[in-house]
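> The primary structure of each chain is shown beneath.
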Amino acid sequence: MGVDIAFWVLAVVGVAAALTVVLLRNVFRTALALILCLVTVAGIYITLSADFLAGVQILVYVGGISILVILAIMLTREVQRGSLSNKFRIPAFLVAVIFLGVMIYTMVSNPWQISAAPPLEPTTSALAGMLLGEGGFILAVEVAAALLLAAILGAIVLVREK
Amino acid sequence: MTVGLEHYLILSAVLFSIGLYGALAKRNAIVIMMCIEIMLNAVNIAMVALSRYITPALLTGQVFAIFIMVVAAAEAAVGLAIIISIYRNRETIETTDIDLMKG
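Protein sequences, first through last, are from chains A and B.
Residues 1 to 162 (this note's numbering) are what the first sequence spells out, left to right.
Residues 163 to 265 (this note's numbering) are what the second sequence spells out, left to right.
These aren't lab readings, by the way, just hints derived from the structure by calculation.
There are no misleading hints in this set.
On the chain B side, residues computed to face chain A include the following (Cβ under 8 Å): (1) G184; (2) L186; (3) I200; (4) A219; (5) V225; (6) I228.
Per label pair, the in silico range of CB-to-CB distance: (7) B:T258 / A:G136: 44 to 52 Å; (8) B:E256 / A:F93: 18 to 26 Å; (9) B:I230 / A:W112: 19 to 27 Å; (10) A:W112 / B:D259: 40 to 48 Å; (11) B:T258 / A:V143: 31 to 39 Å; (12) A:L149 / B:R252: 28 to 36 Å.
Backbone N, C-alpha and C define an ideal beta-carbon position, used for all residues, glycine too.
Using the sequences provided together with the hints, build the complete structure.
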């Protein structure tokens with residue numbers, strides 16, 4: 001019951017924050033709404049008993065990516081002009097609504113095979129086993145490390161003063 | 163009404179659609195990046211919800227969500243670096259004004 005209330009509160013706040021990101025003109029306030037939306041997603045992970053993912057969400061998104069976004073806003077001085085729409089506003093709205101309708105129809109009509117087993121808690125050691133253990137995703141972890149290194153080097157090269 | 167898998171999937175679809183609208187309709191490149199982050203988060207919610215309700219003991223969806231986060235972090239770093247680089251050269255990040263390769 002408590003999880004249900006938490007889900008509804010988080011869902012309403014998260015959707016409202018996402019709408020604020022899309023509708024507000026002020027770019028800086030848009031970034032703050034994005035941070036609120038990311039925090040509610042972390043709460044959603046907790047209601048799904050994904051504790052490790054909630055922590056990673058706070059660390060990576062709320063701690064890292066949001067700082068990057070705010071830094072980019074500060075460095076580009078686009079706050080005055082605001083976040084305007086282009087000429088595709090109405091087609092984009094129609095595409096989004098049609099996509100939403102199709103997705104909701106598919107998700108509701110599909111007969112999901114819900115498992116009655118309780119969720120694994122805590123998930124951290126199990127996730128470590130999946131990522132690094134025998135028969136896990138160790139190759140993908142190594143590739144992810146190479147990807148992050150390449151991304152960091154690329155970002156440094158791109159923003160370096162000539 | 164108890165919250166089930168469908169609720170999480172519909173929440174994820176709503177967030178994804180909001181992000182899709184923003185990514186298609188906005189002119190500011192940074193706002194487009196933010197909308198892409200919202201879309202990636204929506205996909206993550208669907209991934210974790212399916213993992214929680216269909217295969218609770220396997221955690222494969224959560225592993226995929228972690229990899230999506232890794233790629234999202236790399237994408238945000240490189241994307242914002244590109245935006246700052248474009249701003250240095252052209253003094254704007256409005257996507258309608260960045261039309262050098264438009265025929």
